[in-house]
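> The lines below spell out each chain.
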Amino acid sequence: MLCATFVQSKAMTWPLAGTFKPLSTPNPHRLPSTVARDDEHLLVAAAKRGDAQAFEELVNRYEAKIFRLTMNITRNREDAEDAMQDAFLKSYSHLKDFQEDSRFYTWLVRIAANEALMRLRKRRPNQFSLDEPVQGEDDLMPRELEDWGPSPEQRFAQTEMHEILSEVIDKLEPAFRVVFVLRDVEELSTEETSKVLGISVPAVKSRLLRARLKLRERLNRYFRQGGTN
Amino acid sequence: MNCKSVIREISDYIDGELDLAVKQEIERHLAHCEECKMVVDQTRMTVEIFCDSKPVELPGEVKSRLHEALRRKLQEKSN
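Protein sequences appear in the order of chains A and B. All residue numbers for the first sequence refer to this note's numbering, where the first residue is 1 and numbers rise by one. All residue numbers for the second sequence refer to this note's numbering, where the first residue is 1001 and numbers rise by one.
It is worth saying that the hints were derived from the structure and are not from the lab. Beta carbons: idealized from backbone N, C-alpha and C, even for Gly. There may be inaccurate statements among the hints.
Covered stretches of chain A, as calculated for chain B (at least 3 residues, CB under 8 Å) [what the hints assert, rightly or not]: (1) 60-66; (2) 177-187; (3) 208-221.
Based on the sequences and whatever the hints tell you, model everything.
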């Protein structure tokens, strides 16, 4: 009976059977990342030896992704640009300290995330705190539930999809947003995310769960079959 | 396992990070609860859509400023 308590009645009006992938086994979404190409370590080694071109190649390779990260965290273009620039400059200055026990890209993401967080805290000193405990579990139960069809994102043009994703992530509270961005967009592990943000692993998991559920609910307004925003 | 417990475990379930016993309990619930199955599927889709989203190209002026700052830094270091 509990099932009925978290959905609006619309859910029952949409066809349910055969719409989604079978769930016989959980399917971890994480696939091997294609971000770090095989020659990344060669470029890093060359840059460490003082090869400026090699470092520039690393910048060219990752600048768009790092800008997306800083933009996703700060949601302010000026701060995102400053954070990205400082991240690259700091990574260059501290390149000799990079131990190569992780991918260069992951190391860069950590630096960029910290730069972006610093700016977010400065701009919203009273609105952003990762230390605040998350509320009880009442907010977890989905309120809107309607059929999306098998590939809802394919119903939108790429630019339109970018706008939708940008809008829904923009509305997410910063404390949830930064966890989601690091875990699900940048694909850091839970432990890496916990280190970057200075919060516990259970806190990362709890915020990630809420972020995912909130984003699902917001995407529902765009993805429901036949629905409009 | 009831709906609330399933929702609480959704993240670990879709990441494949649950103990076998809990995973099986969830799957037993999903086999008869269409609403929870829909939440699980849509939450997984949400993660995949964001994970697969390509970054937009860096705006030209942002790229120029970044590379200019970088050139200054490289020059500074070589002097």
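> Against this structure, judge whether each hint is valid.
Cross-check of the supplied hints:
With 3 residues having a beta carbon nearer than 8 Å to a beta carbon of chain B, the stretch 60-66 of chain A meets the requirement of three or more and the stated coverage holds. Counting residues of the stretch 177-187 of chain A whose beta-carbon sits less than 8 Å from any beta-carbon of chain B gives 4, enough to reach three: the coverage restraint holds. Counting residues of the stretch 208-221 of chain A whose CB lies closer than 8 Å to any CB of chain B gives 8, which reaches the minimum of 3, so the coverage claim holds.
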